[in-house]
Amino acid sequence: MKSFDLHVRVEITNQRYTIIELTGFLDAHTVNAFENRIEEIVSSGQRQIVIDLKGLNYISSAGIGALMALTQRLRKESGNMVLLQPNEKVFKILDLLGFTKIFNVALKEEDVENYFQAV
Amino acid sequence: MSKNILTLIIIILFAAVIILKKRIRFLRVYSETRMKEREAVISFLHKIGERITHSIDLQGSLEIITNFIVEYTHAESGAIFLLNEEENALRAKVVIGLFPPLHQTTEHAFTKRKFLTERIMRDKVNLGEGIIGYVAQSGITQLITDPQNDPRVPQTSDVSIASLMVAPLKIKDKVLGVMALANKRDGISFDERDKSLLESLSDQAAVTVDIVKLYDQLAKQQRIEQELRVAHDFQKLLLPKECPSVEGLDMAAISEPALEVGGDYYDFFWVDEDHLGVVIADVSGKGIPGALVMSMLRSALRAESRNILSPAAVLKVINEYIRTDTQVNVFITAIYAIIDIRTHKILFARAGHEPLVIFTDGGKKHDFVAPNGIALGMVGEDIFNITENREITLAEGDTIVLYTDGVVEAMNKASEEYGQQRLLKTANRSLHGKAKEVLDAVMADIREFSGDLPQHDDITMIVIKVKALMDSVTSRAPVGSGTENLNY
Chain A
0 MKSFDLHVRV
10 EITNQRYTII
20 ELTGFLDAHT
30 VNAFENRIEE
40 IVSSGQRQIV
50 IDLKGLNYIS
60 SAGIGALMAL
70 TQRLRKESGN
80 MVLLQPNEKV
90 FKILDLLGFT
100 KIFNVALKEE
110 DVENYFQAV
Chain B
0 MSKNILTLII
10 IILFAAVIIL
20 KKRIRFLRVY
30 SETRMKEREA
40 VISFLHKIGE
50 RITHSIDLQG
60 SLEIITNFIV
70 EYTHAESGAI
80 FLLNEEENAL
90 RAKVVIGLFP
100 PLHQTTEHAF
110 TKRKFLTERI
120 MRDKVNLGEG
130 IIGYVAQSGI
140 TQLITDPQND
150 PRVPQTSDVS
160 IASLMVAPLK
170 IKDKVLGVMA
180 LANKRDGISF
190 DERDKSLLES
200 LSDQAAVTVD
210 IVKLYDQLAK
220 QQRIEQELRV
230 AHDFQKLLLP
240 KECPSVEGLD
250 MAAISEPALE
260 VGGDYYDFFW
270 VDEDHLGVVI
280 ADVSGKGIPG
290 ALVMSMLRSA
300 LRAESRNILS
310 PAAVLKVINE
320 YIRTDTQVNV
330 FITAIYAIID
340 IRTHKILFAR
350 AGHEPLVIFT
360 DGGKKHDFVA
370 PNGIALGMVG
380 EDIFNITENR
390 EITLAEGDTI
400 VLYTDGVVEA
410 MNKASEEYGQ
420 QRLLKTANRS
430 LHGKAKEVLD
440 AVMADIREFS
450 GDLPQHDDIT
460 MIVIKVKALM
470 DSVTSRAPVG
480 SGTENLNY
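Those protein sequence lines, which keep their order, are chains A and B. Letter by letter, the first sequence follows residues 0 to 118 of numbering that gives the first Met the number 0. Letter by letter, the second sequence follows residues 0 to 487 of numbering that gives the first Met the number 0.
Check the hints yourself; a few may be wrong.
Label pairs and their calculated CB-CB ranges [said to hold, decoys possible]: (1) Glu-38(A) / Lys-344(B): 46 to 54 Å; (2) Asn-86(A) / Leu-308(B): 36 to 44 Å; (3) Asn-125(B) / Glu-87(A): 43 to 51 Å; (4) Leu-213(B) / Ala-68(A): 33 to 41 Å; (5) Asn-384(B) / Val-9(A): 52 to 60 Å.
A few chain A residues that don't get close to chain B, going by computed Cβ distances all over 10 Å [said to hold, decoys possible]: (6) Ile-18; (7) Glu-20; (8) Thr-22; (9) Ile-40.
Simulated from the structure, these hints should not be mistaken for lab results. Just so you know, even glycine gets a beta-carbon here, dropped at the ideal spot from N, CA and C.
Go ahead and model the full structure; you've got the sequences and the hints to work with.
What follows is the structure, encoded as structure tokens:
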């Protein structure tokens, strides 16, 4: 089997939220790296997070578990998480599992603002 | 003249005797040193052998090696460093006695042995850095009798260094680490004999470290393999041996676990005497934790499903079970269907699982049915409540297929997925046959599609067909029509 990578890029575009850009594969092999990065970001005080999924090619159950854990943690700490523009395949998986009903999913960049204005 | 010659001969003889005596004395000392070294190595092997027959672990072996070498060379303190290949730097693994700090320090908090040891264990030494890094890089043993004038030795007021010996732990040209000794106990400096002894012991220590490291890796790998095997066997144990025989229905099921990922599960059980429960599930965790969650699901379902005719209601209860008992990132996708065996009406709920496929009109029509629902074990009751029941009624000759993502996500060499369309097409071609034939056709097609690529996820599929009246007449008599759960 090929081994696939995940690239995580963090960007703070404005005061209100942090954008975490994921590129590649979020699965059992890469989920630890993702979680470690998230831990750094959240423990540094960031509670409003946008996960940019435009470049994410694949998400496995382990990856979805990590997103679920992050959402629950942020909600507990009065934060919020928005998933931005998952590709068709990733969206289909999220939808199949019922997670489009739980996660905030923004299909356009402009929609991201709506989720944070409410907070 | 002849007298002179005689005198010369006598002088030469005298000189020869003196030289020979010196040589003999040198040889004796040399052989004593050699003997002592041999004795030391044998005693070392004995000691390490004793330990290894007990248990082999790297840290324990390193402790024994360091202790032994410090004792045998009468050193006041010693430390063993191993090369960490990822960092390309050395890390102290064992420190005995007041070993001097590795870096120049102006702090004076290190007078206590504990602090000193802690600091050395924490510090990283790059290849080529200081005396430790020098020996690791060059592979040459160093004896330093005037450390104050050697720039490679960090100057510190915490521990006064009178003499120092550092030897590489190397096998052929590969340096595994470094053994360092500071100060001789009787106050005199280490000398060439001590250096030679340290070299002999370090050679032996290197071989030991290499073997133990290899064994350590192997043991870890074996433990993982062992765990996977146990989980596999366990998973197999949970699956039914065969499908129940029910009048009017033709059923077939298969679950082929992948080498590493295990987590697919299916089951049949009686809800009451007229209703057969069918479940297909995919647990997100793998190995033993995954198998445990699976067994929990199995018992919970069998217990909670009795006499309850709403699959969504049962899944809601199961969701709470799984949620409170597992970590947040373990979840299960499942379809739970209840078949009324008299009317062939099916009520089912989908907890985030792949849709149910239904073929009607002899395969002329098909549909992927995916009612609202969320995977088990992720969210509380308030959100899980969107999981709903859907009713379908099968007519004679109709077929339903339940499957896990391993079917549609099976990959070929070009990294393409098998996909729903190919599943539909293949199943459709063999719909006229028995349920088992549909199953076999799809499995064979997946194998053909994937070629010789290893299967990367479990593949599980259930095919249920309502027999046409003609088939029904020739079918076997029903077996499990009681309220007892089927025990396979």
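So, going through the hints one by one against the coordinates:
1. Glu-38(A) / Lys-344(B): 46 to 54 Å: At 50 Å between Cβs, range holds.
2. Asn-86(A) / Leu-308(B): 36 to 44 Å: holds, 40 Å
3. Asn-125(B) / Glu-87(A): 43 to 51 Å: holds, 48 Å
4. Leu-213(B) / Ala-68(A): 33 to 41 Å: holds, 37 Å
5. Asn-384(B) / Val-9(A): 52 to 60 Å: violated, 35 Å
6. Ile-18: Fine: 23 Å to the nearest Cβ keeps Ile-18(A) off the interface.
7. Glu-20: For Glu-20(A), whose nearest Cβ neighbour in chain B is about 22 Å away, the distance exceeds 10 Å, so it holds.
8. Thr-22: holds, 17 Å
9. Ile-40: holds, 18 Å
Comparing the model with each earlier hint shows a violation of hint 5 alone; every other hint is respected.
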